[in-house]
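Trainee: Here the protein sequences come in this chain order: E and U. Note that the numbering used here has the first sequence beginning at 1, numbered continuously upward. Note that the numbering used here has the second sequence beginning at 1001, numbered continuously upward.
Check before you lean on any hint, since a few could be wrong.
Claimed, not checked - Here are the simulated lysine-lysine pairs, DSS-like style, with alpha carbons at most 30 Å apart: (1) E:113 / E:92; (2) E:25 / U:1003; (3) E:25 / E:75; (4) E:92 / U:1003.
Unchecked claim - Now the in silico label distances, taken between C-beta atoms and shown as ranges: (5) U:1033 / E:105: 19 to 25 Å; (6) U:1020 / E:99: 17 to 23 Å; (7) U:1046 / E:37: 43 to 49 Å.
Hints in this document: simulated from the structure, not taken from any laboratory. Ideal Cβ placement from N, Cα and C applies to all residues, glycine included.
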Amino acid sequence: MSHIVEIKTEVRDEVAIGSACQRLKLDPPTRGTVKLFSSEATGVIVNLPGWRYPTVFDTRSGEARFDTYNGHWGKQAQLDRFLQAYGVEKTKLEARKKGHTVTEQSLADGSIKLTVSVGGAA
Amino acid sequence: MSKTIEIVVTPTGQTQVQTKGFTGTECRQASQFIEQALGQRTSEQLTAEFHQQASQQQSNQQHQ
Chain E
1 MSHIVEIKTE VRDEVAIGSA CQRLKLDPPT RGTVKLFSSE ATGVIVNLPG
51 WRYPTVFDTR SGEARFDTYN GHWGKQAQLD RFLQAYGVEK TKLEARKKGH
101 TVTEQSLADG SIKLTVSVGG AA
Chain U
1001 MSKTIEIVVT PTGQTQVQTK GFTGTECRQA SQFIEQALGQ RTSEQLTAEF
1051 HQQASQQQSN QQHQ
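Let the sequences and hints guide you as you build the complete structure.
Mentor: Here it is, written out as structure tokens:
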């Protein structure tokens, strides 16, 4: 039996956030409270390239808080790129915890494909 | 057939998880840890491989 599941990524793992930052050559994440334009946010703080204010991930809810003023203070593409890196790193982390082998491949449309061999050596 | 889980992460960070080579409901159990770790399921689709195996099981039961 096989199945295909679509998943909306939730950013809940601080270790995987750190790995995603490393993968994208961003500064390591910090934890704390930061001021956005008119509010404050607490969680894991990531500075995305070209963004005026940081992105703050609430690892309990998996939600991101940020203020880009409709793209004027930061491009959505940078957050998307981060979410992709997070998804890849989180998958690799979880697969390796189970002792599975993971291979990574870049696809023509910009997606990243990970193949987890179940039962393979880590 | 070897058992694999394929995960495609799109440029916007959405993920698609597909299992291959599993039998019975094993595939759901096999990929559950990744699905739960990544976030919320928005859809599930059973593949042709599932339907083929399900109809084979039915026909085997009828012949017994």
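Trainee: Against this structure, judge whether each hint is valid.
Mentor: Right, here's what the structure says about each hint:
| no. | hint | in the structure |
| --- | --- | --- |
| 1 | E:113 / E:92 | holds (11 Å) |
| 2 | E:25 / U:1003 | violated (34 Å) |
| 3 | E:25 / E:75 | holds (17 Å) |
| 4 | E:92 / U:1003 | holds (17 Å) |
| 5 | U:1033 / E:105: 19 to 25 Å | holds (21 Å) |
| 6 | U:1020 / E:99: 17 to 23 Å | holds (19 Å) |
| 7 | U:1046 / E:37: 43 to 49 Å | holds (46 Å) |
Violated hints amount to a single one, hint 2; each of the other numbered hints is respected by the structure.
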